[in-house]
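Chains as they are written, first to last, in the numbering used here: chain C, 1406 to 1595; chain L, 291 to 447.
Take these hints with a grain of salt, some might be off.
[As the list claims (entries may be wrong)] Result set (DSSO-like, lysine-lysine): computed pairs, CA atoms no more than 30 Å apart in a straight line:
| no. | chain 1 | residue 1 | chain 2 | residue 2 |
| --- | --- | --- | --- | --- |
| 1 | C | Lys1477 | L | Lys373 |
| 2 | C | Lys1456 | L | Lys445 |
| 3 | C | Lys1477 | C | Lys1503 |
| 4 | C | Lys1481 | L | Lys320 |
| 5 | L | Lys376 | C | Lys1477 |
| 6 | C | Lys1530 | L | Lys415 |
| 7 | C | Lys1481 | L | Lys373 |
| 8 | L | Lys415 | C | Lys1456 |
| 9 | L | Lys430 | C | Lys1477 |
| 10 | L | Lys331 | C | Lys1481 |
| 11 | C | Lys1461 | L | Lys430 |
| 12 | C | Lys1456 | L | Lys331 |
| 13 | C | Lys1508 | L | Lys373 |
| 14 | C | Lys1530 | L | Lys331 |
| 15 | L | Lys373 | C | Lys1436 |
| 16 | C | Lys1477 | L | Lys331 |
| 17 | C | Lys1461 | L | Lys425 |
| 18 | C | Lys1436 | L | Lys415 |
| 19 | C | Lys1461 | L | Lys440 |
| 20 | L | Lys373 | C | Lys1586 |
| 21 | L | Lys376 | C | Lys1503 |
| 22 | C | Lys1530 | L | Lys425 |
| 23 | C | Lys1464 | L | Lys425 |
| 24 | C | Lys1530 | L | Lys376 |
| 25 | L | Lys376 | C | Lys1501 |
| 26 | L | Lys320 | C | Lys1508 |
| 27 | C | Lys1436 | C | Lys1461 |
| 28 | L | Lys430 | C | Lys1464 |
| 29 | C | Lys1481 | L | Lys445 |
| 30 | L | Lys320 | C | Lys1477 |
| 31 | L | Lys445 | C | Lys1477 |
| 32 | L | Lys430 | C | Lys1508 |
If you're looking for bench data, these hints aren't it; they were derived computationally from the structure.
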Amino acid sequence: MRLSSILSLRRIVNSGFHPFQVIPKPDMWRKREQLQQFTAWQYASERTTVKGAYRKQDKLFHYLNMQREDEKLTEKYHAEQRVSTALAEHDMEYSKFKSILSKSHILLDNIVLAQLAIYEPRSFKSLVSFAKELARQEGMSVIPDDAEFSYDVHVDNSILRDPLPRAVEYPRGAAENHTNKPRKLRPDEF
Amino acid sequence: MLRSMTRGIFSKIAKNRRFSTEPQIIETEKVQQEVLEAISKEVSSSSRLFAIVYVNGRQWKVSDGDLISLEGNLPLNVGDEIKLEKVLMVGGTNFSIFGRPFLDSNSVEVDAVVVEKNTTNPELKYVHLNHNQTKIVNWKSDEATVLRIKSVIAKNI
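With the sequences and hints as input, model every part of the structure.
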């Protein structure tokens, strides 16, 4: 909310200008006002001096850029961390769990699995005990559930199939520059 | 004397004990039938369900009345009612059903309404080329389509 311009107020902490006098140089005022939007709540010279404020703004902009660039991968990474932690609670390994899920064609991604682990713990536990039973039948070493709290799972490994092919991802974008159009077809090429 | 007493005790325990190696007949089909019946009972009692749906390249865990914000300007108008058909799982208080990979679209209905089409909060793309007096500040914002989940209904399970 930018109330200061509407209310004709210029109450900025440690501003170089008097709050109610005529603005000395309009363009400079506007620039510094814009700068203060980002640095008004910083500490010491990053707030009180123009040079320091510009330095801080540059840093802040870099941080915002990094944040935007990393957002998608960060989300995936956090989801993976959450899932593997939730699995550790049930004495299951992440790689075994994922391989069984992909072999049984349950295509839930980590983001949703993490949400299940947090908000629907019983569904998550049932999925884990399903995976455990199948992993045991596949000959992987698995720590069985505590007999008191375990579900009785009725599956056999005939339901397992080849995992579905994974979608190809190009995280760095197209290999070629497609901004140049291909040349027009010659009449004889039609 | 003591030895004979202990032997007697152990033999009693051994007689009472049932070993796990004894074959047990588990009728998987019967168990499955029971589970399915229990689930259909549970579903018919109209308790609140959640579902995991795949929309617009992303999986969402949704329930009645949820808002989900999809990336991009999708070919939908505000007020359009749509049915989300790619359902990966459904769950309730006492059951959860996982599709392999999808559940039958007749058995689970997830209805949604397009509530709003707007732009996302601007994010910064910043390029600072050192020693070149070049700073490129570009505030990016994307279009978004917001859906409200009207109902998650399971039937014919």
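Hint check results:
1. C:Lys1477 to L:Lys373: holds, 27 Å
2. C:Lys1456 to L:Lys445: violated, 66 Å
3. C:Lys1477 to C:Lys1503: Given pair lysine 1477 of chain C, lysine 1503 of chain C holds - Cα atoms ~21 Å apart, limit 30 Å.
4. C:Lys1481 to L:Lys320: violated, 40 Å
5. L:Lys376 to C:Lys1477: Status holds; Cα separation ~23 Å.
6. C:Lys1530 to L:Lys415: Status violated; Cα separation ~42 Å.
7. C:Lys1481 to L:Lys373: holds, 27 Å
8. L:Lys415 to C:Lys1456: holds, 22 Å
9. L:Lys430 to C:Lys1477: holds, 16 Å
10. L:Lys331 to C:Lys1481: violated, 37 Å
11. C:Lys1461 to L:Lys430: holds, 21 Å
12. C:Lys1456 to L:Lys331: Judged against 30 Å, a Cα distance of about 70 Å means the pair is violated.
13. C:Lys1508 to L:Lys373: holds, 29 Å
14. C:Lys1530 to L:Lys331: Distance of about 22 Å is within 30 Å: holds.
15. L:Lys373 to C:Lys1436: Answer violated: lysine 373 of chain L to lysine 1436 of chain C is near 50 Å, above 30 Å.
16. C:Lys1477 to L:Lys331: It is violated: about 41 Å lies between the C-alpha atoms, which goes past 30 Å.
17. C:Lys1461 to L:Lys425: holds, 14 Å
18. C:Lys1436 to L:Lys415: OK: lysine 1436 of chain C and lysine 415 of chain L at ~20 Å, within 30 Å.
19. C:Lys1461 to L:Lys440: Roughly 46 Å between the alpha carbons, so the hint for lysine 1461 of chain C and lysine 440 of chain L is violated.
20. L:Lys373 to C:Lys1586: The given pair, whose Cα atoms are some 39 Å apart, is violated under the 30 Å limit.
21. L:Lys376 to C:Lys1503: holds, 21 Å
22. C:Lys1530 to L:Lys425: Roughly 51 Å separates the two Cα atoms, so the pair is violated.
23. C:Lys1464 to L:Lys425: holds, 12 Å
24. C:Lys1530 to L:Lys376: holds, 23 Å
25. L:Lys376 to C:Lys1501: holds, 26 Å
26. L:Lys320 to C:Lys1508: Cα-Cα ~25 Å, so holds.
27. C:Lys1436 to C:Lys1461: At roughly 15 Å apart (the allowed maximum being 30 Å), lysine 1461 of chain C and lysine 1436 of chain C satisfy the hint.
28. L:Lys430 to C:Lys1464: holds, 18 Å
29. C:Lys1481 to L:Lys445: violated, 33 Å
30. L:Lys320 to C:Lys1477: Distance ~45 Å between lysine 320 of chain L and lysine 1477 of chain C Cα, so the pair is violated.
31. L:Lys445 to C:Lys1477: violated, 36 Å
32. L:Lys430 to C:Lys1508: violated, 40 Å
Figure legend: structure checked against the earlier numbered hints; hints not met, in rising order: 2, 4, 6, 10, 12, 15, 16, 19, 20, 22, 29, 30, 31 and 32.
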